[in-house]
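Taken in order, these protein sequences are the chains called A and B. Just so we're aligned, residue 165 is where the first sequence starts under our numbering, counting upward by one. Just so we're aligned, residue -8 is where the second sequence starts under our numbering, counting upward by one.
Some hints could be false.
Pair ranges (Cβ atoms, derived) [said to hold, decoys possible]:
| hint | chain 1 | residue 1 | chain 2 | residue 2 | range |
| --- | --- | --- | --- | --- | --- |
| 1 | A | K279 | B | S68 | 45 to 55 Å |
| 2 | A | E312 | B | E160 | 49 to 59 Å |
| 3 | B | S141 | A | T197 | 52 to 62 Å |
| 4 | B | E149 | A | I311 | 55 to 65 Å |
| 5 | A | E353 | B | N78 | 56 to 66 Å |
No lab work stands behind these hints, which were simulated from the structure alone. We treat Cβ as the ideally placed atom computed from N, Cα and C, and that holds for glycine.
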Amino acid sequence: MSETCINCGHSLCARRVPIFSKLDGKEIESVVTLIRRKHFDKGENLFFEGGELQGLIIINRGRAKAYINTPEGKEQILHIFFPGDFFGEKSLFVDKKTEYNVKAVEPVDICMISKKDFQELIKKYPGITSKILQELVNRIDRLESMIENIGAKSVDSRINAVLLEFAQKSLDENQIDSAAQFELPLNREGIANYIGVTRETVSRKLNLLQEEGVIQMIGNKKIKILDKNRLKSE
Amino acid sequence: MSNITINKTDALGDIVAKFPKAAEVLKSYRIDFCCGGHRSLEEAALEKSVDADKVVGAIRALAQELTENQEDFTKMSDERLIDHIINTHHSYLNTNLPEISRLASAVLRAHGDVHPELFEIYKDFHALKADLEQHLIKEEVTLFPGILNSRDEGKVLEEIEDEHEGAGEILRNLRDLSQDYTVPADGCPSYEKLYHKLEELEGDIFQHVHLENNILFKRL
Chain A
165 MSETCINCGH SLCARRVPIF SKLDGKEIES VVTLIRRKHF DKGENLFFEG GELQGLIIIN
225 RGRAKAYINT PEGKEQILHI FFPGDFFGEK SLFVDKKTEY NVKAVEPVDI CMISKKDFQE
285 LIKKYPGITS KILQELVNRI DRLESMIENI GAKSVDSRIN AVLLEFAQKS LDENQIDSAA
345 QFELPLNREG IANYIGVTRE TVSRKLNLLQ EEGVIQMIGN KKIKILDKNR LKSE
Chain B
-8 MSNITINKTD ALGDIVAKFP KAAEVLKSYR IDFCCGGHRS LEEAALEKSV DADKVVGAIR
52 ALAQELTENQ EDFTKMSDER LIDHIINTHH SYLNTNLPEI SRLASAVLRA HGDVHPELFE
112 IYKDFHALKA DLEQHLIKEE VTLFPGILNS RDEGKVLEEI EDEHEGAGEI LRNLRDLSQD
172 YTVPADGCPS YEKLYHKLEE LEGDIFQHVH LENNILFKRL
């Protein structure tokens, strides 16, 4: 089996997933046998709000956005999922409808573990449960800080925070400190929807940050953070 | 595009006829819009215990992305619509059914031992293939010429619609068996290709049946 898996292009997805990182080689092997995978083209929806989720979904390649449509027909982005991110965790424990839409913003490969298989798995390896709890807490933190961003923080600090968030998702700390370049996962409009400001404001603030030497834009999508501390301070 | 009016009480078939992209949304909720196209969205959502307002919201959002130059099938003449069905959907099936059949045999031979559901998938697909092959010819030699010459083909029409339902049933079954066309960890690239093709086939058949049941046949 492993030979086919090595040839499969995105093999052994489980190794990339933080919640499985504490498992030993043999345990990982048994997780891998449960994994099913699927490809989505750019712009395809993985699923829509209010539908049924079959299990835990792990992004293995590419980025996807979670969003809801407001009654006015506007799109509110809730999360950007990067490779290694997962969702559907709630549906593994309780019967729940999906709470948001998820769309591939670039070609996406997912790995999936079905609810039924997963429940067998955590019976065998209870350690996985606490790892999932850790990630859930992180996610609540992020949502809370988003509410705080929208409610209390100034427009400046919202933009600063979102740039740091994207940097931390794309790079490790050393790379951030050495001002490595990374790609913004959303365009100006998308960033604006994500943090609840207008597109014009995003463009204006990015230009301002660039003039002040805090960031450097390379083309439309790539960016370097030159002065991390000034993004943090406001 | 600002005048997007979709109501829960609209028939599914009419919604897809007006906003072809709605098909994507409905498929994702596993709501059948081709054979069950006469039902209202509200009714169908209730059946799947989905909140109808969410479905309407998702369709509305996608409909906004509609490009201007999308073809409006509802405005096509019978003749042009039939041409479109034959050139697009019949030709798709004539090319792809044999190809999928070859793939299915190869994948079954390589993986059937470890993934016995592949035997079911093989059988279901070939039942669908056999049925579709005669179905396409029936449309081309009997039903379509009948429609164009205003002959009453009531009995054939009924048969055709029954066959659409049969195909829908098999496609639902295939989706369940393949767990939404997700490939198991040890699946090879051919396995992936087979599932990808089967899902594409599902989309093509849904659209094909939709054009007939909800647009062409409704004119008769």
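Hint by hint, here is what the structure shows:
Checking the proposed 45 to 55 Å range against K279 (chain A) and S68 (chain B) shows it holds: the Cβ atoms sit about 49 Å from each other. Taken as a hint, the range 49 to 59 Å holds for the pair E312 (chain A) and E160 (chain B), whose Cβ atoms sit roughly 51 Å apart. S141 (chain B) and T197 (chain A) have their C-beta atoms about 60 Å apart, which keeps the hinted 52 to 62 Å range intact. Evaluation of the 55 to 65 Å hint for E149 (chain B) and I311 (chain A) yields a pass: the beta carbon distance comes to about 57 Å.
Range check, E353 (chain A) to N78 (chain B): about 38 Å between beta-carbon atoms, so the 56 to 66 Å window is missed.
When the structure is compared with the earlier hints, a violation turns up for hint 5 alone.
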